[in-house]
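First to last, the sequence lines map onto chains V and A.
Reading the first sequence from the start, the letters are residues 1 to 112 in our numbering.
Reading the second sequence from the start, the letters are residues 1001 to 1112 in our numbering.
Everything labelled a hint here was simulated from the structure, so no lab data went into it.
For glycine and all other residues, C-beta sits at the position ideal for the given N, C-alpha and C.
You may find that some hints are simply not true.
[Stated by the list, open to error] Quick look at which bits of chain A chain V covers, simulated, 3 or more residues with Cβ under 8 Å:
| # | segment |
| --- | --- |
| 1 | 1017-1031 |
| 2 | 1079-1086 |
| 3 | 1103-1110 |
[Said to hold, decoys possible] Derived Cβ-Cβ restraints for the label pairs, each shown as a range:
| # | chain 1 | residue 1 | chain 2 | residue 2 | range |
| --- | --- | --- | --- | --- | --- |
| 4 | A | Ser1024 | V | Arg44 | 15 to 25 Å |
| 5 | V | Gly63 | A | Glu1060 | 35 to 45 Å |
| 6 | V | Ser80 | A | Lys1069 | 37 to 47 Å |
| 7 | V | Val12 | A | Ser1018 | 34 to 44 Å |
| 8 | A | Asp1039 | V | Ile60 | 17 to 27 Å |
| 9 | V | Asp26 | A | Asp1039 | 20 to 30 Å |
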Amino acid sequence: DVKVTQSSRYLVKRTGEKVFLECVQDMDHENMFWYRQDPGLGLRLIYFSYDVKMKEKGDIPEGYSVSREKKERFSLILESASTNQTSMYLCASTNYRGEGYTFGSGTRLTVV
Amino acid sequence: EDQVTQSPEALRLQEGESSSLNCSYTVSGLRGLFWYRQDPGKGPEFLFTLYSAGEEKEKERLKATLTKKESFLHITAPKPEDSATYLCAVVNYGGSQGNLIFGKGTKLSVKP
Chain V
1 DVKVTQSSRY
11 LVKRTGEKVF
21 LECVQDMDHE
31 NMFWYRQDPG
41 LGLRLIYFSY
51 DVKMKEKGDI
61 PEGYSVSREK
71 KERFSLILES
81 ASTNQTSMYL
91 CASTNYRGEG
101 YTFGSGTRLT
111 VV
Chain A
1001 EDQVTQSPEA
1011 LRLQEGESSS
1021 LNCSYTVSGL
1031 RGLFWYRQDP
1041 GKGPEFLFTL
1051 YSAGEEKEKE
1061 RLKATLTKKE
1071 SFLHITAPKP
1081 EDSATYLCAV
1091 VNYGGSQGNL
1101 IFGKGTKLSV
1111 KP
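With the rest of the complex left out, here is chain V (with noise of 0.2 Å):
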């Protein structure tokens, strides 16, 4: 099976933090996304990488960067956190066709 590991489960930071986020799959997938998931909103496209080094922007990339140095690790970077981001990130991976898609299992991080 596919396994898409998110580092953290729960975070808390304080705002102004620069704030990692990080993703590994392990089926060598081309694909990689990240998503922010809020009540009433639902899931939200915020990057994705469909290659290492390539990086494009989703829905709502403003306060986000990427970096993606490896195939199997996509990072998530919140320059200076605000409270606002607040929210449930969520990792996920495909393989170059859009098949196979799986998420990872969440980070859900607060800020203060």
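Starting from the structure of chain V, add chain A where the hints point.
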């Protein structure tokens, strides 16, 4: 604009009371439709992928069907452990590689 709408938002059933969840979609070209189950505080868990109208897939008490405009998730004789939020998502040919467009989900509660 590509869109996915799920109904109802919430559904309460008695154990053994069969019902259906609806997912209607408008996309420029459907590459695939996904159903996920999500438990509180966890990432979405893959259930089914459907690719073409008329296709059906089953897993235990769940059966997913697809038409050109909508998909149904039928739940037969549900049990309390089926309680979860069920998410529908589509991937289209015109969009970014493998980007899922999600509905807001149906929260299912099954009472014993």
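Each hint tested on the structure:
Against chain V, the segment 1017-1031 of chain A contributes 1 residues with a C-beta closer than 8 Å to a partner C-beta. That does not satisfy the three-residue criterion, and the hint is violated. With a threshold of 8 Å between beta carbons, the proposed coverage of the segment 1079-1086 of chain A by chain V is violated, since 0 of its residues qualify and at least three are required. A count of 3 residues in the segment 1103-1110 of chain A with a Cβ less than 8 Å from any Cβ of chain V is obtained; the coverage claim is therefore met, three being the minimum. A hinted range of 15 to 25 Å holds for the C-beta pair A/Ser1024 and V/Arg44, which are about 20 Å apart.
The given range of 35 to 45 Å is respected by V/Gly63 and A/Glu1060, whose C-beta atoms sit roughly 41 Å from each other. Between V/Ser80 and A/Lys1069, the C-beta spacing of about 44 Å keeps the proposed range 37 to 47 Å intact. The hint said 34 to 44 Å for the Cβ distance between V/Val12 and A/Ser1018, and at roughly 43 Å that hint holds. Separation of A/Asp1039 from V/Ile60 is about 24 Å and conforms to the stated range, judged on CB atoms against 17 to 27 Å.
V/Asp26 and A/Asp1039 have their C-beta atoms about 22 Å apart, which keeps the hinted 20 to 30 Å range intact.
The structure fails to meet hints 1 and 2 from the earlier list, while all remaining hints are met.
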